[in-house]
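If you're matching them up, the sequences are chains U and L in order. Numbered according to our numbering, the first sequence spans residues 234 to 652. Numbered according to our numbering, the second sequence spans residues 234 to 652.
It cannot be assumed that every hint is accurate.
In silico BS3-like cross-links for lysine-lysine, where the CA-CA straight-line distance does not exceed 30 angstroms [said to hold, decoys possible]:
(1) 526/L <-> 319/L
(2) 238/L <-> 473/U
(3) 526/U <-> 473/L
(4) 522/U <-> 317/L
(5) 526/U <-> 592/U
(6) 240/U <-> 522/U
(7) 319/L <-> 526/U
(8) 598/L <-> 240/L
(9) 317/U <-> 473/L
(10) 319/U <-> 319/L
(11) 526/U <-> 240/L
(12) 473/L <-> 651/U
Per the computed footprint, the stretches of chain U lying under chain L, defined by three or more beta-carbons under 8 angstroms from a beta-carbon of chain L, are [as the list claims (entries may be wrong)]:
(13) 404-413
(14) 556-567
(15) 615-627
Quick caveat, the hints were computed from the structure, so don't treat them as lab data. No residue lacks a Cβ here, since even glycine has one placed at the ideal position from N, Cα and C.
Protein chains: 2
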Amino acid sequence: MASLKGKALVAQSGGPTAVINSSAAGVIQSALADGDTFTGVYGALNGILGVLNEELYDLAAEDPAEIDRLRRSPSSLLGSCRHKLKGLDTDRGDYERILQVFKAHDVRYFFYIGGNDSMDTAAKLGQLADEIDYELICVGVPKTIDNDLAFTDHCPGYGSVAKFNATAVMEAGLDTLALYTHDTCNVHEVMGRNAGWIAAATGLARRHADDAPHIILLPEVPFVVEKFVDDVQRCLADYKRCFVACGEGVKTPDGEYLGEAGGQFSKDSFGHTQLGGAANTVRAIIEEKVGVKARTNRAGTAQRVAMHFASATDAAEAYMVGQAAVQAAVDGVHGKMVTLVRADGDEYRCTTGLVELEKVANGEKPVPPEFIDANGTGVTDAFRRYAGPLVRGEAEVEIGADGLPVYARLAQRLVEKKT
Amino acid sequence: MASLKGKALVAQSGGPTAVINSSAAGVIQSALADGDTFTGVYGALNGILGVLNEELYDLAAEDPAEIDRLRRSPSSLLGSCRHKLKGLDTDRGDYERILQVFKAHDVRYFFYIGGNDSMDTAAKLGQLADEIDYELICVGVPKTIDNDLAFTDHCPGYGSVAKFNATAVMEAGLDTLALYTHDTCNVHEVMGRNAGWIAAATGLARRHADDAPHIILLPEVPFVVEKFVDDVQRCLADYKRCFVACGEGVKTPDGEYLGEAGGQFSKDSFGHTQLGGAANTVRAIIEEKVGVKARTNRAGTAQRVAMHFASATDAAEAYMVGQAAVQAAVDGVHGKMVTLVRADGDEYRCTTGLVELEKVANGEKPVPPEFIDANGTGVTDAFRRYAGPLVRGEAEVEIGADGLPVYARLAQRLVEKKT
């Protein structure tokens, strides 16, 4: 037990993942187990929006079996949002409102599961609480499929989206192998915004030189049409087909997103107006400049919540960072985010550490040059050593009598408003 | 053993599935086990194209472990194609060429795994063989994710694409649940061409009224913009979000595909030119007419080869139809396709039957009215009773030390040409 007693509030933010609920379960189960410190454990409906709207619910009132099932359930089942708070000067009213709600419910511990924007919010909230002398412990729990948070070896959520996309590329690559006489190319678009971690992970599927993906397009490597066309043509000469894995945030040397309409990839040059999606632009380039048929795959949100084939390593680590956040809070740690720390040595082992929220808020971690091959379209052995362990193991999937997964359903009965 | 001795040739055609290799394994293993009847078992590289090009390979020369691994491997690993043969009058030369190659290699048994075009080819080939007195036994093995073959209760390949898409919709539906305050709608496009069987199968994910998919768009039900907008608005009123599952072949009342550019869903009416994909059109309609943000998911080819979460029932039946085809051939059956026959009664049981190739070639089976709900946007309990058993059980997945599936690799060393 800690010297500070009060309620714990746990909230999820930003894009869902396959394992962010594992982190929530780690927080909730740990906090519920320490009734001396935590006089209650609340969830916020739809992240920070739920706090602003005072839409809170009592996690102790949920069925403990459903709380445990969160460990095997995708998406952000506490509820998430994309409500971004700016600086204390600009959005001070929002921060004050949050603390007003915290005070009203005696929330003394805030566990925020999210990416760098969330860490920024948590940091500023802690800062304001200090200013007004409201005793509050804020601890961040890392989450992002993009894997672009600095100061942590990797991010919970990444291993699972990596495993799913590497598998989907392996499978769709065999589809192209079967039908190359008709559908010669395939462009498989993956998430990851400005970081190419997910695109790079599809490279894990390539065990043999002729396996997909033959070309990986990373946002870290500017896309040059002529070079790409050369790469595709060489691939066709070698393998009669070409499977491209494409990050959604790939840009031209001018910094223009491939997925955006207009500019050099407009209707004028390729005969179509490109409507969102880097893959569509890449497909048009292949059909126009190489002259073979290309298809596109774009799993969209389904890739980030593909719990049915998630990484057991990722799920376990996601739970571990949730537990570690509560332990840190009980130990009086404030204003930090839990990190994943990889042990030295050949065998993969991972423990947790802590880093200042402010540092995470402002950091970004692109795929470093040593993980990208000389041609800029593949991954190195160093990347394989880094990412390989993260996709290992199959997360448990509970299957219903109907043959489909069974995921948690929370009651989320709101507690009475006090403000 | 049969009275007719000679080589067996097995070929795959059309779009790959998660389990078409199971059917191939059923044929190959059964034929290899009957050396008295089958003097050899050949595969055709890329379906009928491989026969026309005399690109054949000896399946007895493949590693038996890899042949067995076909049962756990997606796509069409013998090689497929989309080379469509027309009538005997138009394409007689091609049919004659095929029989020339068969004769040269003493191929007396032709097992063709495919959809109705393939059954048409097999039927005509058998007809020409009869005409020229070349003793040849042609047996068809059903395959199509679209599930639109007539005279069979269902088609191998359907159960697996149904299971994957129902699961993906369940998971992506939870993503929309988490983020509805930002991404209010999602349009999840599935394959199926002019039949809505796959779109309908996503309805299996809806265990509770508020579960995705809230609206299913079937090609069998003409898409009327005003009604759709009403449906979305009612859904938003009830659940604050709307998840739409959309068949790729959905059409307007005028018979125009939603996915095609131009017409009433052109740049003029919605501000964008729609580029392929029914989901993009539906998304534009939601954003324009309902005024909320919508996303799209479109797994593309990855959905039909999603072996990592395929149906065990489907995989077992796919193998069974392959075995049954060889048994039928040995019994002297000619010019027929193996069918799946569902036993009466509450418990699901399935055996095989036979039907004339010509009948299958010309039949199509849309989703019947009794499987579609009164509003035209959901499925009935009768559909659930039909499709439910087909997605049950998880097909075995062999996982490598790297945490990713291990699929078969055939050597496919071509035999010497004789023509």
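Now the hints, each set against the structure:
| no. | hint | result |
| --- | --- | --- |
| 1 | 526/L <-> 319/L | violated, 46 angstroms |
| 2 | 238/L <-> 473/U | violated, 37 angstroms |
| 3 | 526/U <-> 473/L | violated, 40 angstroms |
| 4 | 522/U <-> 317/L | holds, 27 angstroms |
| 5 | 526/U <-> 592/U | violated, 47 angstroms |
| 6 | 240/U <-> 522/U | violated, 61 angstroms |
| 7 | 319/L <-> 526/U | holds, 23 angstroms |
| 8 | 598/L <-> 240/L | violated, 34 angstroms |
| 9 | 317/U <-> 473/L | holds, 21 angstroms |
| 10 | 319/U <-> 319/L | violated, 65 angstroms |
| 11 | 526/U <-> 240/L | violated, 35 angstroms |
| 12 | 473/L <-> 651/U | holds, 25 angstroms |
| 13 | 404-413 | holds (count 8) |
| 14 | 556-567 | violated (count 0) |
| 15 | 615-627 | holds (count 5) |
Going down the numbered hints, you'll see the structure goes against 1, 2, 3, 5, 6, 8, 10, 11, 14, while the others check out.
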